[in-house]
Amino acid sequence: MTAIDPVVRRTVSRIGVYVGVCVATVFFALPLLWLVLTPFSKHPSYKATLDGVSLDNFDRLLHNPQLWRSLRNSIYLAGGTAVVVIVTAALASYALSRVRIPGRDQLLYALLLLSSIVTGTAAMVPIFLMLYQLNLLDKQFAVVLVLSGGLLPAAVFMLKDFVDSIPRSYEESARVFGASPSQILRHIVLPLIRPGMATVGVWSLVQVWGNFLIPFILLSDDKKQPAAVVMYTFYDTGGQPNFALISTFALVYSVPVVVLYLIVNKRYGFSFQGGIKG
Amino acid sequence: MASVELRALAKQYPNGVRAVDGVDLTIADGEFFALLGPSGCGKTTLLRTLAGLEVATEGAILIGDEDVTAQPPGDRDVAMVFQDYALFPHMTVLQNIAYPLRIKGVGRNERSARAAETAQGLSLGPLLERRPAQLSGGQQQRAALARAIAVHPRVFLFDEPLSNLDARLRLEARTFLKKLQQSLGVTTVFVTHDQAEALAMADRMAVMDSGRIRQVGTPREVFQRPANTFVANFIGATPMNLLDAVAADGTLEFDGFTLPMPPAFAEQVRDGDKVVYGLRPEYFAMSSTPEDGAVKGEVATVENLGVSVLVTVEAGSQSLGAVVPEADEPALGATVWLRPAPNRVLLYRADDGELVSS
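In order, the protein sequence lines correspond to chains F and A.
Residue numbering for the first sequence follows the working numbering, starting at 1 and increasing by one per position.
Residue numbering for the second sequence follows the working numbering, starting at 1 and increasing by one per position.
What the hints contain is simulated information worked out from the structure, not anything from laboratory work.
One thing to keep in mind: the hints can contain errors.
What the hints assert, rightly or not - Each computed SDA-like pair below joins lysine to any residue, with the alpha-carbon atoms no more than 20 Å apart:
id, chain 1, residue 1, chain 2, residue 2
1, A, LYS104, F, VAL83
2, A, LYS104, F, ARG69
3, F, LYS47, F, LEU30
4, A, LYS296, A, ASN233
5, A, LYS104, F, ARG186
6, A, LYS178, A, GLN83
7, F, LYS47, F, PRO241
8, F, LYS139, F, PRO241
9, F, LYS139, F, VAL83
10, F, LYS47, F, LEU32
11, A, LYS104, F, GLY178
12, A, LYS179, A, SER210
13, A, LYS104, A, ALA116
14, A, LYS104, F, GLU172
15, A, LYS179, A, GLU117
16, A, LYS104, F, SER180
17, A, LYS296, A, ASP271
18, F, LYS139, F, LEU32
19, F, LYS266, A, HIS90
20, A, LYS178, A, SER163
21, A, LYS104, F, PRO181
22, F, LYS42, F, PHE27
Said to hold, decoys possible - Which residues of chain A face chain F? A partial, calculated answer using Cβ under 8 Å:
id, residue
23, PRO73
24, GLY74
25, ALA79
26, MET80
27, PHE82
28, ILE103
29, LYS104
30, VAL106
31, GLY107
32, VAL151
33, PHE176
34, PHE265
Glycine residues also receive a C-beta, built at the ideal position from the N, C-alpha and C atoms.
Start from the sequences and build out the full structure, keeping to the hints where you can.
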């Protein structure tokens, strides 16, 4: 067998890589393509084609009260969780960053590790039982608390890193001028960690927006369910998925998150560099 | 405006390290006082303890005859300027300068007016609406100073105020700070590791080493008569010659040569005493012809210092440094005679490094 010229071999492998990447890209892009095209199609189906352009789907969607209510529920759950997580994580990360207690770092890593291993799904039964005993089943604010609890370890971990990067000389300077700890927190620390808080907030919001299992199990009243759960029920009487409804609603459902991401990205940039020089 | 007194002050950390080890110090009202020392000598810890950022483990701090040892920083009426200035990046320069007044509860209009006035005094008028990141290093320093001045404290504390400036700016800032302190008349304590800076700016200074004060005095005293070999070595642009010698019969015997006993110490030193001979390189006169009371040696290196030249001369087993005018620059390997100026010689005891008392 003759030796293959290394240049030829390199070119062929390059072509192979590009072809592979293209196939993978198409594989992932296809559903997104479906999501963007189908709502505008006159005859929506499982194929990603544009079969006659119309806005009828959106028209029908606008007149469906159940769907708007579910979007409101999503906003309440996601927004509520984001607020709870931001406030608690900001206070916790500031304290953990500045106070030196023995075992602090180990505690943080243990928290992070445990929260990754024991996911919401794994803990679902104990959580359900706990809420049942507390008489908090079918209450939206209880879902907010459960979701916050699940997101907090990671949020605290993220924010603490951010707070660590802020030099202590700002706080010490304020201390010498006579500022109380609460004044230092409000005037100096919180404004400086705003980008971090925004990132944690958006991250929490996105996590909750798409969360199906926890609201599905903890809320029994259909009227309280968020959009992610409601979409699960879009089947017509024959048991066939209602493509029109699913695709249109999915598109509308994903828009707020994308818009929010763009706004926050413009304002804060999602960077975790403290990088602030006095 | 107040005097500062430290009595047997000590700061010990939980791991046993005594960063400040029994310091007694009195700083007069209105004095520009320097804490000088190498890294890790405890000068910054001492300053922070004065400010209240660190709690003293022993001793007392008095500001204006009032014992403030137990008081939190805000009650001590001091203002501190940090090495990195710590200007709050999310506030404008005006808001930064007005911040201490805001903490004290001054109303918005009044504190803005007072801040603007202080800023004008430091030529910061046109920069008031900028953020700290938009200022140059020198402007940032003036803004930090304005913030400290605006609140009219009793004592200023500066932590390495010039370290963050580039070399050229540093010299200008030295003069600027000195003039400012003189016009304000506020007691100022500043920390530095740069001995030239301390000598140039301070009214009096303390040289520190390992948590203790090794000498307190005016720059002239510390420069001309260092109390021990540590201070002698630390002060001075060129390192002082510190040579081991033994007193013998009216002369000093070194390893390889002898020099006459300096008259100022003749009474205090007995034959057989081991001493350390201290003389600044600037006080050696160099000549190419033999001289009485001089050391003969060979030129090993020549370093250009600008207007003068630092010549290292090997004599016996010792290396001696001499600073001579550039016109007298010798050739490498040349034989020269170094004659010490007799009234500039200092003798230290070999065992503890302290000046032989005279």
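Now for the hints, and whether the structure bears them out:
The hinted pair formed by LYS104 of chain A and VAL83 of chain F fails the criterion: a straight-line CA distance of about 32 Å is larger than 20 Å. As the CA atoms of LYS104 of chain A and ARG69 of chain F are separated by approximately 50 Å, the hinted pair breaks the 20 Å bound. Our distance criterion of 20 Å between C-alpha atoms is met by LYS47 of chain F and LEU30 of chain F, whose separation comes to about 9 Å. Only pairs whose Cα atoms come within 20 Å are accepted, and LYS296 of chain A paired with ASN233 of chain A is rejected, the gap being roughly 24 Å.
Our distance criterion of 20 Å between C-alpha atoms is met by LYS104 of chain A and ARG186 of chain F, whose separation comes to about 16 Å. Our distance criterion of 20 Å between C-alpha atoms is met by LYS178 of chain A and GLN83 of chain A, whose separation comes to about 17 Å. For the suggested pair LYS47 of chain F and PRO241 of chain F, the alpha carbons sit about 13 Å apart, so the restraint of at most 20 Å is met. Only pairs whose Cα atoms come within 20 Å are accepted, and LYS139 of chain F paired with PRO241 of chain F is rejected, the gap being roughly 29 Å.
With a C-alpha separation of about 18 Å, the suggested pair LYS139 of chain F and VAL83 of chain F falls inside the 20 Å cut-off, and the hint holds. Taken as a hint, the LYS47 of chain F and LEU32 of chain F pair is honoured in the structure, with Cα atoms around 12 Å apart against an allowance of 20 Å. Distance check on the hinted pair: LYS104 of chain A and GLY178 of chain F sit about 8 Å apart at the alpha-carbon level, within 20 Å; holds. Taking the CA atoms of LYS179 of chain A and SER210 of chain A, the gap is about 32 Å. The hint is violated against a cut of 20 Å.
A threshold of 20 Å between alpha carbons decides the hint, and for LYS104 of chain A with ALA116 of chain A the separation of about 17 Å falls inside it, so the pair holds. A hinted pair counts as satisfied when its Cα atoms are at most 20 Å apart, and LYS104 of chain A with GLU172 of chain F qualifies at roughly 16 Å. For the hint pairing LYS179 of chain A with GLU117 of chain A, the CA-to-CA distance comes to about 18 Å; that is within 20 Å, so the pair holds. For the proposed pair LYS104 of chain A and SER180 of chain F, the alpha carbon gap of about 11 Å is at most 20 Å, so the pair holds.
Using a Cα cut-off of 20 Å, the hinted pair LYS296 of chain A and ASP271 of chain A is violated, with the two alpha carbons roughly 24 Å apart. A threshold of 20 Å between alpha carbons decides the hint, and for LYS139 of chain F with LEU32 of chain F the separation of about 34 Å lies outside it, so the pair is violated. With a C-alpha separation of about 18 Å, the suggested pairing of LYS266 of chain F with HIS90 of chain A holds against the 20 Å cut-off. Taking the CA atoms of LYS178 of chain A and SER163 of chain A, the gap is about 16 Å. The hint holds against a cut of 20 Å.
Under the criterion of a C-alpha separation no larger than 20 Å, the hint pairing LYS104 of chain A with PRO181 of chain F is consistent with the structure, at around 15 Å. Restraint check for LYS42 of chain F and PHE27 of chain F: not satisfied, since their Cα atoms lie roughly 25 Å apart, outside the 20 Å limit. Checking PRO73 of chain A against chain F: minimum C-beta separation of about 5 Å stays under 8 Å; hint holds. Because the closest C-beta pair between GLY74 of chain A and chain F is about 3 Å apart, less than 8 Å, the hint holds.
Proximity of ALA79 of chain A to chain F holds as hinted, the smallest CB-CB distance being about 7 Å (cut-off 8 Å). With 8 Å as the threshold, the beta carbon of MET80 of chain A comes within range of chain F, its nearest partner Cβ sitting at about 5 Å, so the hint holds. Taking 8 Å as the C-beta cut-off, the interface hint given for PHE82 of chain A holds, the closest approach to chain F being about 5 Å. The closest approach between the C-beta of ILE103 of chain A and any C-beta of chain F is roughly 5 Å, which is under the 8 Å cut-off, so the hint is satisfied.
Interface hint at LYS104 of chain A: satisfied, since its Cβ lies 7 Å from the closest Cβ of chain F, which is below the 8 Å cut-off. Restraint check, VAL106 of chain A versus chain F: the minimum CB separation of about 12 Å is more than 8 Å; hint violated. Hint status for GLY107 of chain A: violated, given a least beta-carbon distance of 17 Å to chain F, over 8 Å. This hint holds: VAL151 of chain A has a C-beta 7 Å from the nearest C-beta of chain F, less than the 8 Å allowed.
For PHE176 of chain A, the suggested interface contact is broken, since its CB lies about 20 Å from the closest CB of chain F, more than 8 Å. With a cut of 8 Å, the hint placing PHE265 of chain A at the interface with chain F is violated, because the nearest CB-to-CB distance is about 47 Å.
Against the hints set out earlier in the document, violations occur for numbers 1, 2, 4, 8, 12, 17, 18, 22, 30, 31, 33 and 34.
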